[in-house]
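Hey, can you work out the whole structure from these sequences and the hints?
Just so you know, the protein sequences line up as chains A and B, in that order.
Just so we're aligned, residue 1 is where the first sequence starts under the working numbering, counting upward by one.
Just so we're aligned, residue 1 is where the second sequence starts under the working numbering, counting upward by one.
Hints in this document: simulated from the structure, not taken from any laboratory.
Every residue, glycine too, gets a C-beta built ideally from N, C-alpha and C.
Be aware that one or more of the hints could be misleading.
[Unchecked claim] Which chain B residues face chain A? A few, computed with CB under 7 angstroms, are given here:
1) H46
2) G48
3) Q70
4) R84
5) C160
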Amino acid sequence: MSEHESDDQLLARLGAALEAAYPVPEAVLDAARATFTWRTIDAELAALVFDSAEEAPAGVRSAEGTRQMTFRSPGVEIELEVVSETRRRIVGQLVPPQEAEIMLHHHDETRVARSDTLGRFTFHDVPSGSVRLTCKLHDESGAVVQTEWTLI
Amino acid sequence: MCMAIADQKRVAMGVSSSMMAEAPIADLLAAAHNGSQEAWNSLVDHYGRLVWSVVRGFRLDAATAADVSQTVWLRLVEHSDRIRDPERLGSWLATTARNESIRVLKRQSRSVPTEFSVDVADEGAPGIDERLLDDEQLRDVLVAFEDISQRCRELLQMLCLDPPLEYEEISEILGMAIGSIGPTRARCLDRIRKKLERR
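Quick look at the structure:
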């Protein structure tokens, strides 16, 4: 068969092989459908503008097992350190420093913390997976800022 | 029991999903943004395999690959009103899946390996489907595929996506000149062919 197999035929055979070998698990599709429940409309999105995990190995490198990220929205910056111990610890800093209600969303679980007057907050024992932070600022704007979903 | 509920849901969604399946991607995106879970499900039906294929191509373990796939869809949830060209949603998803996979790989390569092996569940590993072993034609081509360069594997994988991407989209995603996709495709397929001949 492979004697006269054209490029298109060979590619089709490869496509069929990949599909048969690595079928998409139904649980993965269910999880994709379920992400819709996280739809929010009114929050301002803070985009990931720095991630130490994105830097080249020779570049800025923090202590082993600590990942630094910065999320930026027009009004506030959220700096995070993800410290990988047995479970992850997230240490955050709001810039400018301010008190706010901080929610950590992780799969179907939401935890609440408060930043102190210096804008610092911490979440302990965070399992791996997709997370997002929602910050309800206590200033006169009362703005709600959300980070992008990020895999930790 | 969980299976039964999931099946019922699928049956319940069946009729309307097939109606939405014909809708243009732009309409599905808009409907999803306005709150239609049904439209969202249609997008997942259409592109779920594509996202998985891209992520899986990076040889992540099953649990991590599932996390990356979910992150990609979460990104789409938050960006559903910001997709500039809805007809190129496949390209946007493939790019996001690729970037997120690379980010995870970079992170894993510099972390203590044991830390990750603790988190990883073995269930549902994206291993080779046993049914495949019965089909020698498919098994052979897959063995040959696993033995070519990463660059070739990635290009061929992009060319096998369902729904397919345009050359122009693949060129952007892989940072490969559009004119070199055709020749590279031929060269990579030739490498597979040579390995098949040697068997």
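How the hints compare with the structure:
1. Interface restraint check for H46(B): the shortest CB-CB distance to chain A comes to about 11 angstroms, outside 7 angstroms, so the restraint is violated.
2. Checking G48(B) against chain A by beta carbon gives a least distance of about 5 angstroms; that is within 7 angstroms, so the hint holds.
3. About 5 angstroms separates the beta-carbon of Q70(B) from the nearest beta-carbon of chain A, less than 7 angstroms, and the hint is met.
4. Contact between R84(B) and chain A, as hinted, is not supported at the beta carbon level, the nearest pair being about 16 angstroms apart and thus beyond 7 angstroms.
5. The beta carbon of C160(B) is positioned within 7 angstroms of a beta carbon in chain A (closest approach about 4 angstroms), and the interface hint is therefore held.
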